[in-house]
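Asker: Protein sequences appear in the order of chains A and B.
If you count by our numbering, then the first sequence holds residues 37 to 134, one letter each, in order.
If you count by our numbering, then the second sequence holds residues 1423 to 1718, one letter each, in order.
What the hints contain is simulated information worked out from the structure, not anything from laboratory work.
Ideal Cβ placement from N, Cα and C applies to all residues, glycine included.
Among the hints, erroneous ones may be present.
As the list claims (entries may be wrong) - Coverage of chain A stretches by chain B, computed from C-beta distances (three or more under 8 angstroms per stretch; other residues unrestricted):
| no. | segment |
| --- | --- |
| 1 | 55-62 |
| 2 | 84-96 |
To be verified - Computed beta-carbon distance windows for the label pairs:
| no. | chain 1 | residue 1 | chain 2 | residue 2 | range |
| --- | --- | --- | --- | --- | --- |
| 3 | A | Ser82 | B | Glu1690 | 42 to 52 angstroms |
| 4 | A | Thr100 | B | Asp1633 | 21 to 31 angstroms |
| 5 | B | Gly1554 | A | Val55 | 21 to 31 angstroms |
| 6 | B | Thr1613 | A | Thr100 | 28 to 38 angstroms |
| 7 | B | Val1698 | A | Thr76 | 41 to 51 angstroms |
| 8 | A | Ser85 | B | Gly1475 | 36 to 46 angstroms |
| 9 | B | Thr1568 | A | Asn75 | 46 to 56 angstroms |
| 10 | A | Ser85 | B | Gly1554 | 41 to 51 angstroms |
| 11 | B | Lys1664 | A | Thr100 | 20 to 30 angstroms |
Unchecked claim - Sample of chain A residues at the chain B side, in silico, Cβ under 8 angstroms:
| no. | residue |
| --- | --- |
| 12 | Trp65 |
| 13 | Ser66 |
| 14 | Arg101 |
| 15 | Asp108 |
| 16 | His111 |
| 17 | Lys113 |
| 18 | Gly114 |
| 19 | Cys115 |
| 20 | Gly116 |
| 21 | Ile117 |
| 22 | Glu120 |
| 23 | Glu121 |
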Amino acid sequence: MKNSKKDYQKILGSVQKPVLGEAGKTGTWSSKKPHIDLNTCIPAKSGKSSCFNCWLYCPEAVVTRTIPPQIDLIHCKGCGICMEECPVNAITMEEVKY
Amino acid sequence: MDLPEEEFIYPGTRACAGCGMALIYRIALKALGAKTLVTVPASCLTVLHGMQGFCSTKVSVYHTPFATTGASASGIVASLEDKGLENEITVLAFAGDGGTTDIGIQALSGAVERGTNFIYACYDNEAYMNTGVQRSGSTPYGVKTTTTPEGKLSHKKDMPKILEAHGIPYIATGIASYPLDLFEKFKKARTIHGSKYFHILSPCPPGWGYDPKDTISIGRLAVQTGFWILYEIENGIFKLSKPSSRYLDPLKRKPIEEYLKAQKRFSEMTQQQIKVYKVYIDNMWKDIKRRIECQN
Ligand SMILES: Cc1ncc(C[n+]2csc(CCOP(=O)(O)OP(=O)(O)O)c2C)c(N)n1
Ligand code: SF4
Ligand code: SF4
Ligand code: SF4
Ligand SMILES: [Mg+2]
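Looking at chain B on its own, in the form it has when it is part of the complex (with noise of 0.2 angstroms):
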């Protein structure tokens, strides 16, 4: 399996050297082709789309207000049926954690609720990266943010979790380390009908404190740490996608340190807060041994 050749961003874009989040929106393009219409949220995504009468992109793009992703992609797909093209065109939202986890929350939750017909993918760099790196629900236990300085207080909020309570047909989390998985994802999401949610962690370079070379190496330690957990639910099927198999056994896993200590936004993390790590990673992978085990 290999991705296709076509391009839909052009070189040349706003987005930082080494964002993440561009090889992800650059995948995801390819895999759901030029017959995409995309609604964008205020974000890193907006300014990476261009400035006043040109844009970046080959496909169609709405920018729509702050807290209106969900209902904007509701609206795109009502007009789409309306002109019996719901089937010929990929309504996909692509917002940022800020504009996903906190912001546009409700948006989303009605929009889903509502069964519209399109992907919804939220890029998670952890903050709000646009503004200058202020905290966000997704943003994880003890960062630094502008808002945080002296580290955030409480873990990341567990988004695919809430999605999956709207019981919709499909959910996936994914990464650019491991692109042929998210292109795949993105492939299967284009043919279900319903709503399917995207969580896709995003390294940052300026934000997470890191080399803008390190984006990939990053993003596998992440992985490889069994901090981020790549895994498909599929109508309420459980499971784990293949970069992050071998991690359910906990002598697989790097230790987490290897991934905080490569970045700066995680630097003067105290002994007791590592552990607190440790502990909330165990406890992930445990429910999903549950999980794994109760459907078997």
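Pulled out of the complex, with its shape left as it was, chain A reads as follows (with noise of 0.2 angstroms):
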């Protein structure tokens, strides 16, 4: 790019593309990574759609509401929320290796 004044008009007009990993992939901020333990999670357990707390609480929408729930851990940010936000403390942080 020359930054002439065509180039600076192709940004002020450009469409921005919606993407999945906009920051790359998140999960290498962190090295620590939910598991969940089927056992113990509610919907897991009683094959019920309910609590849902970890869906619910993540602030990157990496959970899914589905049973048993399951994480995207190449975006999850390993922030601990779903963890600390668990009624029956089915989830723990577990070191993960890239």
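Both chains are given apart, each in its own frame, so use the hints to dock them into the complex.
Answerer: Right, here's the structure in full:
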């Protein structure tokens, strides 16, 4: 790019494309990742659609509202909120190697 | 009541781990849906949206200069009205506390005085976080920031009160620790014509000095100690929201020390300063009690 007027107009008039992982693989930001114990997790154990606190409180929206809940570890930032908010302590934070 | 499953923000944004603002924005967009146009001034929320060429949200976002959030919303609404789309699309202005209580206050005041049909939401992380924690008009008393190294000397601005003086039809406070309360309020605001204002406390792990896992529990403590009060003001009628209603009784409130001690930004506060907090919280609630009694 030469930074000519035309180039700047292109920038101003551009349409931003929505993408998954706009900031890259944010899972690499932390080495600790949540692990759900399916013998303890309420929906996994009961087969009923209930709880889903991990889905509700995740700021990154990487948990699915499914039985059992699944976590996109490539983008999970490892904050640990899901672990804190799980009512039955089914989630532990574990070291994950890349 | 449950939240819809559809997401409007893609995972893998530039927000920090455990960011309260990211969760607030996620819940707000769930309530407002795909037909929402957002205008955002310089802030951590700008960064969440990403760099040139790509973005993290499915809704359209307009990046507006710092002081102009309210004015940009008026312009967007006017253009929608011109195209006959004003009933189809919700205009949402989303700004930080610096961009709302200091830098954008004039444009916001003008927009609501004109009766612009939009929702303005301030996510309040109680400092200029994106530039490295400088104090704002919304930083609470005693907080250490890079510009108040000895702790801030004055209390935070009561922004909803300032908006109330404009006579707008809807004002609400919120916090992500009570996601259903926040969701319901955005849902309701969407159906009201005119200017709607949200003030949402937004815990911030690096700026407040706590472990990211505690974003929800710290927010809950803010409500349980009576520091943060959840309410709505609809056409001048004040209503305490359910999570806060029991704290009208001072004996039900947790000691404010529990909230202060959980965060590094309040470290080194003296007993005298903690007393100032107790009086401050008592006075806020006394005002609310009087108000509720007058209404009945
Ligand atoms: C006119 C102008 N002045 C200063 C800045 C630098 N700036 C960018 S974001 C920011 C902080 C915004 O604080 P706040 O509104 O509280 O949002 P937060 O970053 O805390 O989310 C500042 C000072 C700018 N972009 N434009
Ligand atoms: S650790 Fe944080 S980002 Fe990862 S799934 Fe749990 S709440 Fe979501
Ligand atoms: S919060 Fe815990 S119990 Fe609830 S769905 Fe998630 S893992 Fe299961
Ligand atoms: S600094 Fe605070 S508000 Fe900004 S992205 Fe990080 S956690 Fe969120
Ligand atoms: Mg801020």
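Asker: Run every hint past the structure and note whether it holds.
Answerer: Verification of the hints:
1. 55-62: Our answer is that it holds, as 8 residues pass the Cβ test (under 8 angstroms) against chain B, meeting three.
2. 84-96: Held - the segment 84-96 of chain A has 5 residues with a Cβ nearer than 8 angstroms to chain B, which meets the minimum of three.
3. A:Ser82 with B:Glu1690: 42 to 52 angstroms: Hint holds: Cβ distance 48 angstroms, inside 42 to 52 angstroms.
4. A:Thr100 with B:Asp1633: 21 to 31 angstroms: 25 angstroms, holds
5. B:Gly1554 with A:Val55: 21 to 31 angstroms: Hint holds: Cβ distance 28 angstroms, inside 21 to 31 angstroms.
6. B:Thr1613 with A:Thr100: 28 to 38 angstroms: With a Cβ separation near 30 angstroms, Thr1613 of chain B and Thr100 of chain A satisfy 28 to 38 angstroms, so the hint holds.
7. B:Val1698 with A:Thr76: 41 to 51 angstroms: The hint (41 to 51 angstroms, Cβ to Cβ) holds, given that Val1698 of chain B and Thr76 of chain A are roughly 45 angstroms apart.
8. A:Ser85 with B:Gly1475: 36 to 46 angstroms: The hinted range 36 to 46 angstroms holds for Ser85 of chain A and Gly1475 of chain B, with Cβ atoms some 39 angstroms apart.
9. B:Thr1568 with A:Asn75: 46 to 56 angstroms: Because 48 angstroms falls inside the window, the suggested range holds.
10. A:Ser85 with B:Gly1554: 41 to 51 angstroms: At 43 angstroms between Cβs, range holds.
11. B:Lys1664 with A:Thr100: 20 to 30 angstroms: Cβ of Lys1664 of chain B to Cβ of Thr100 of chain A: about 29 angstroms, so the range 20 to 30 angstroms holds.
12. Trp65: Given a least distance of 6 angstroms, the restraint on Trp65 of chain A holds.
13. Ser66: 6 angstroms, holds
14. Arg101: Holds: closest Cβ of chain B sits about 5 angstroms from Arg101 of chain A, inside 8 angstroms.
15. Asp108: 6 angstroms, holds
16. His111: Check passed: Cβ of His111 of chain A comes within 4 angstroms of chain B, closer than 8 angstroms.
17. Lys113: With a minimum Cβ separation of about 4 angstroms from chain B (threshold 8 angstroms), the hint on Lys113 of chain A holds.
18. Gly114: 6 angstroms, holds
19. Cys115: 4 angstroms, holds
20. Gly116: 3 angstroms, holds
21. Ile117: At 6 angstroms from the nearest chain B Cβ, Ile117 of chain A passes the 8 angstroms test, so the hint holds.
22. Glu120: With a closest approach of 5 angstroms, the Glu120 of chain A hint holds.
23. Glu121: Holds, about 6 angstroms.
No hint from the list above goes unmet by this structure.
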